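The residues making up each chain are set out below.
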Amino acid sequence: MYNETVMDHFMNPRNVGEMTDPDGVGEVGNPVCGDIMKIFLRIRDGRVEDATFMTFGCGAAIASSSMATELIRGKTLEEAWEITNTAVAGALQGLPPQKLHCSVLAEEGIHAAINDYRKKQRLEPWAETARAAHEEEAGGDAE
Amino acid sequence: MYNETVMDHFMNPRNVGEMTDPDGVGEVGNPVCGDIMKIFLRIRDGRVEDATFMTFGCGAAIASSSMATELIRGKTLEEAWEITNTAVAGALQGLPPQKLHCSVLAEEGIHAAINDYRKKQRLEPWAETARAAHEEEAGGDAE
Amino acid sequence: MKKLVYMDHAATTPVKSEVLDAMLPYFSEQFGNPSSLYALARVSKEAVENARAQVASAIGASPDEIFFTAGGSESDNWAIKGTAFANRKKGDHIITSAIEHHAVLHTCAYLETQGFSVTYLPVDRYGLVSPKDVEEAITDRTILVTVMAANNEIGTVQPIREIGRITRERGVPFHTDAVQAIGAVQIDVTEDAIDMLSLSGHKFYGPKGIGALYVRKGIRLGNLVHGGGQERRRRAGTENIPGIVGLGKAIEMATADIPGHTAKIAAMRDRLCAGILDAVPDTLLNGHPTLRLPNNINVSFRYIEGESILLMLDAHGICASTGSACSSASLEPSHVLLAVGLPHETAHGSLRLTLGDLNADGDVDYVLDVLPKVVERLRSMSPLYAARKGGV
Amino acid sequence: MKKLVYMDHAATTPVKSEVLDAMLPYFSEQFGNPSSLYALARVSKEAVENARAQVASAIGASPDEIFFTAGGSESDNWAIKGTAFANRKKGDHIITSAIEHHAVLHTCAYLETQGFSVTYLPVDRYGLVSPKDVEEAITDRTILVTVMAANNEIGTVQPIREIGRITRERGVPFHTDAVQAIGAVQIDVTEDAIDMLSLSGHKFYGPKGIGALYVRKGIRLGNLVHGGGQERRRRAGTENIPGIVGLGKAIEMATADIPGHTAKIAAMRDRLCAGILDAVPDTLLNGHPTLRLPNNINVSFRYIEGESILLMLDAHGICASTGSACSSASLEPSHVLLAVGLPHETAHGSLRLTLGDLNADGDVDYVLDVLPKVVERLRSMSPLYAARKGGV
Ligand SMILES: Cc1ncc(COP(=O)(O)O)c(C=O)c1O
Ligand SMILES: Cc1ncc(COP(=O)(O)O)c(C=O)c1O
Chain V
1 MYNETVMDHF MNPRNVGEMT DPDGVGEVGN PVCGDIMKIF LRIRDGRVED
51 ATFMTFGCGA AIASSSMATE LIRGKTLEEA WEITNTAVAG ALQGLPPQKL
101 HCSVLAEEGI HAAINDYRKK QRLEPWAETA RAAHEEEAGG DAE
Chain P
1001 MYNETVMDHF MNPRNVGEMT DPDGVGEVGN PVCGDIMKIF LRIRDGRVED
1051 ATFMTFGCGA AIASSSMATE LIRGKTLEEA WEITNTAVAG ALQGLPPQKL
1101 HCSVLAEEGI HAAINDYRKK QRLEPWAETA RAAHEEEAGG DAE
Chain X
2001 MKKLVYMDHA ATTPVKSEVL DAMLPYFSEQ FGNPSSLYAL ARVSKEAVEN
2051 ARAQVASAIG ASPDEIFFTA GGSESDNWAI KGTAFANRKK GDHIITSAIE
2101 HHAVLHTCAY LETQGFSVTY LPVDRYGLVS PKDVEEAITD RTILVTVMAA
2151 NNEIGTVQPI REIGRITRER GVPFHTDAVQ AIGAVQIDVT EDAIDMLSLS
2201 GHKFYGPKGI GALYVRKGIR LGNLVHGGGQ ERRRRAGTEN IPGIVGLGKA
2251 IEMATADIPG HTAKIAAMRD RLCAGILDAV PDTLLNGHPT LRLPNNINVS
2301 FRYIEGESIL LMLDAHGICA STGSACSSAS LEPSHVLLAV GLPHETAHGS
2351 LRLTLGDLNA DGDVDYVLDV LPKVVERLRS MSPLYAARKG GV
Chain U
3001 MKKLVYMDHA ATTPVKSEVL DAMLPYFSEQ FGNPSSLYAL ARVSKEAVEN
3051 ARAQVASAIG ASPDEIFFTA GGSESDNWAI KGTAFANRKK GDHIITSAIE
3101 HHAVLHTCAY LETQGFSVTY LPVDRYGLVS PKDVEEAITD RTILVTVMAA
3151 NNEIGTVQPI REIGRITRER GVPFHTDAVQ AIGAVQIDVT EDAIDMLSLS
3201 GHKFYGPKGI GALYVRKGIR LGNLVHGGGQ ERRRRAGTEN IPGIVGLGKA
3251 IEMATADIPG HTAKIAAMRD RLCAGILDAV PDTLLNGHPT LRLPNNINVS
3301 FRYIEGESIL LMLDAHGICA STGSACSSAS LEPSHVLLAV GLPHETAHGS
3351 LRLTLGDLNA DGDVDYVLDV LPKVVERLRS MSPLYAARKG GV
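Residue numbers (this note's numbering), protein chains in the order written: chain V, 1 to 143; chain P, 1001 to 1143; chain X, 2001 to 2392; chain U, 3001 to 3392.
Just so you know, these hints were derived from the structure itself, not from any lab. It should be emphasised that the depicted structure is a prediction, and the values quoted were computed from it without experimental measurement. Note that CB positions come from ideal geometry on N, CA and C, so glycine has one too.
Across the chosen pairs, the derived CB separations fall in these ranges: (1) X/ARG2170 to U/SER3017: 50 to 60 Å; (2) U/GLU3029 to X/PRO2063: 29 to 39 Å; (3) U/GLU3376 to V/CYS33: 16 to 26 Å; (4) U/GLY3362 to X/ALA2039: 14 to 24 Å; (5) U/ALA3086 to X/ARG2141: 24 to 34 Å; (6) X/GLY2260 to U/GLU3029: 19 to 29 Å; (7) X/GLY2260 to U/GLN3114: 45 to 55 Å; (8) P/GLN1093 to X/ARG2161: 47 to 57 Å; (9) X/LEU2291 to V/GLN93: 45 to 55 Å.
Derived DSS-like pairs (lysine-lysine); straight-line CA-CA distance at most 30 Å: (10) V/LYS120 to U/LYS3389; (11) X/LYS2389 to X/LYS2373; (12) U/LYS3003 to U/LYS3264; (13) U/LYS3002 to U/LYS3016; (14) U/LYS3389 to U/LYS3373; (15) X/LYS2217 to X/LYS2045; (16) X/LYS2089 to X/LYS2132; (17) X/LYS2089 to U/LYS3090; (18) X/LYS2045 to U/LYS3016; (19) X/LYS2045 to U/LYS3003; (20) P/LYS1119 to X/LYS2389; (21) U/LYS3045 to X/LYS2016; (22) X/LYS2132 to X/LYS2217; (23) U/LYS3217 to U/LYS3132; (24) X/LYS2389 to P/LYS1120; (25) U/LYS3217 to U/LYS3089; (26) V/LYS120 to V/LYS75; (27) U/LYS3089 to X/LYS2090; (28) U/LYS3089 to X/LYS2089; (29) X/LYS2045 to U/LYS3002; (30) U/LYS3373 to U/LYS3264; (31) X/LYS2217 to X/LYS2089; (32) U/LYS3090 to U/LYS3217; (33) X/LYS2003 to U/LYS3045; (34) X/LYS2373 to X/LYS2003; (35) U/LYS3016 to X/LYS2016; (36) U/LYS3016 to U/LYS3045; (37) V/LYS75 to V/LYS119; (38) U/LYS3002 to U/LYS3264; (39) V/LYS119 to U/LYS3389; (40) U/LYS3045 to X/LYS2002.
Using the sequences and the hints, build the whole thing.
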């Protein structure tokens, strides 16, 4: 069902764990739907110095969290904001169609964490862009 | 589908053939239904001295003709008249349910031949007894 | 051992050894349920998808247009009922032919009890449906045309490409029962403009109890078997993996070289057919002289009845059929033979010989030796034959 | 080779070698179409009738009450739709339970679109249907009660004999989906007053793609698959002889000694179940403590999700399931677990282990070694678990 990259990020997830004193935290998802993703950020000079996650969810949710935190490490907040679900799924070499929402969750988690940081900095939160457009583009393995 | 007795009477039918100058002939059945049976009788002193048949039809029709002519040979006309379809099917050790009508045809063939003889003798033809009763009783192999 | 000459390939065929070999690992070793997540299940899943690609490629479809079923009958039922019930709001009229298999005809008859109306197109004396008749029968309430690719009794091959062209033009879905045609006639669902196509494994040296329905993308079709999410939610039931694998392998082999394979069978068939017509007087060939399946002979021997011919042939080890296999146990003469205009008594005397991979030239000689004697024997008992001789 | 521990016997089972051996002659040698007249066909016909007797005897039916189908899903569809459409004039109301297999539930949902009304009886927290609820739900428009004999996910065994007694008294036909029950629970259609019963070969070491429907004499039932005259005109399609033979052999073996066989499986199951509940905190056992299938364990591990458990188990060679096999690919938590009252997030964390002939004691030890670590590992990543720990 999952390709090797996904399985690698599921079996050996990068950046797992709660962060002590994070600069921004985003929690998205819903236990009713079977997935909750919590992204922790440490920000230095407008850059993501460290990013970790805690995830309750399926293989794709855990792999997406792992990949998403990898992708945003070292990026400026603007760059990190631009990491779309498509980018996450792409970096994972594709997700099954019914699992693309996990990569969407990762994008949302990053956004939530960045805006949490901005809020703490008393900055205006950034606005979400239309989601549908991303989802249409996202490629994926056959089921 | 057929038991050994039926197959024997089909593969080695007794009394096949047209009779020259028969005393009675009965033809029953209908080519539309796929079977025609013709019974020929030679009568001496009120007895069936000889009986032969010609049949167009399935295996059961041919076997029933063969068995029916066997059964009536040597019998008085009264006895021959009483040979029912049940007797024919029974002597054949049973027929599949959907083939019981072939034994009925044999009974009808005998009756037709006897009445043909009686007509030629300027005797009143005998009346058919109710057919349904016989058919109900008739046993048969499972299909 | 007693001699066995099998000439009933249209009824069913043995599973080819290569096909059985392909199936064997999936009974007891690679037995995983493809819906499951683990590695064992992925092997089954891949086997299913591989077979789907084999079936698709054999008929020019794409794999996601192929759905596995339990055989030709289920495929026919699904295509016809599924189309009818899903399009009820659009219309209630179905067009078919008078010589379809019972899986189509009885399904249509059932739909008539459910308020649909069905046109049964007549055929000419060779069993051909006229595309013009199809065209003229279409009304604005027509929701389906279903005409078989080739007939199972008399072997007549229908002009499905012309019918496909017409139905496509008129925007009416076209289903064809290709159960007898696969491996015998080249079929390309795109070129032939076919919207749905039924096939059945055991007719081309694959296993029994497995078939497929091709459904062109975009065709509206309700489900026949509801339940689990198998076959992309369109046909419920744990997949018959060995059956599916066998179907894939069998159709690949059956369609690899249709002209080469059929030429060999047709050569035997032609010699046998000519020999029978030559040796046995008062014999009619049913079906079309050239537009027919390469393996099919259907003849009527006047004055005798088919079942008794079969029994005598069986006593000589020859397996044959009178009409379709299903009708052998019934008392009705074949609806196909009646539709091509045979009188009842002639229809009753019909014999179908269908050749195939089990036959060799010696079989032809053997049948040519046995069959005329059998006919002669039965005629010698037949009052109709006696009357005809008398009459001449 | 990598270790493989198969604990998904409820999804499917491998074909037993004795069963495959019984099937093998019917693929390529005794391949005759049983509807035909010749000797070759009679061998097939006898094989089918022998299997029919085996199935009948396993459930206390008579052979002419057994009809072969392509599996459990077809049997369920046939029983339910066939009853509904044949009795439309009598009524339009069907009673079932909330925890049926999708083959029943989706069929009922389809019938709702066709004007029927369906009562979905609730179950208690163990998954039990109350016979009293059945009784109270029956109206004078009720034409069918369908309640499964045993649940495929949580293993709860239903009081079908009581339900049978009630429905028989009220004159309402009673169908039971016994797909999971065969070989695990003693069933006697006469004593249990069952009118129709579905079963499927691959759940008890028989082949996939073959099943049967028991239909008590005198029960009104329309056809699902129309066509040829097979199965006494009630289910069209050339018979899947090897499948039928395999089904017969498999059910004979599976029901030969139910108490002896299940005792062995239940002993392993009990040790595994106790071990899991012991080793893993925050774990709930789903289903009934005693009225359950002997091979079934269904537990919910709080704070983690089922698919990720399966993937990690698979990495260790352990085959298991979360809910029914079909739902593994879906995003919905199991309707069965929701029906017994589990909150969504707990339902998402469920694991089904179903033991069987492929297991030995060592497998229990192995799973008891691996599973707690897997749960621990996933919990260590779970924000829900962290929050719960924080909260204590
Ligand atoms: C309870 C129950 N009913 C019906 C079915 C359907 O059986 P099959 O997949 O063989 O069609 C299954 C198995 O999937 C089942 O567990
Ligand atoms: C033309 C045709 N359609 C449908 C069928 C039904 O196929 P099956 O018996 O595999 O269900 C057959 C064969 O019996 C056939 O010859």
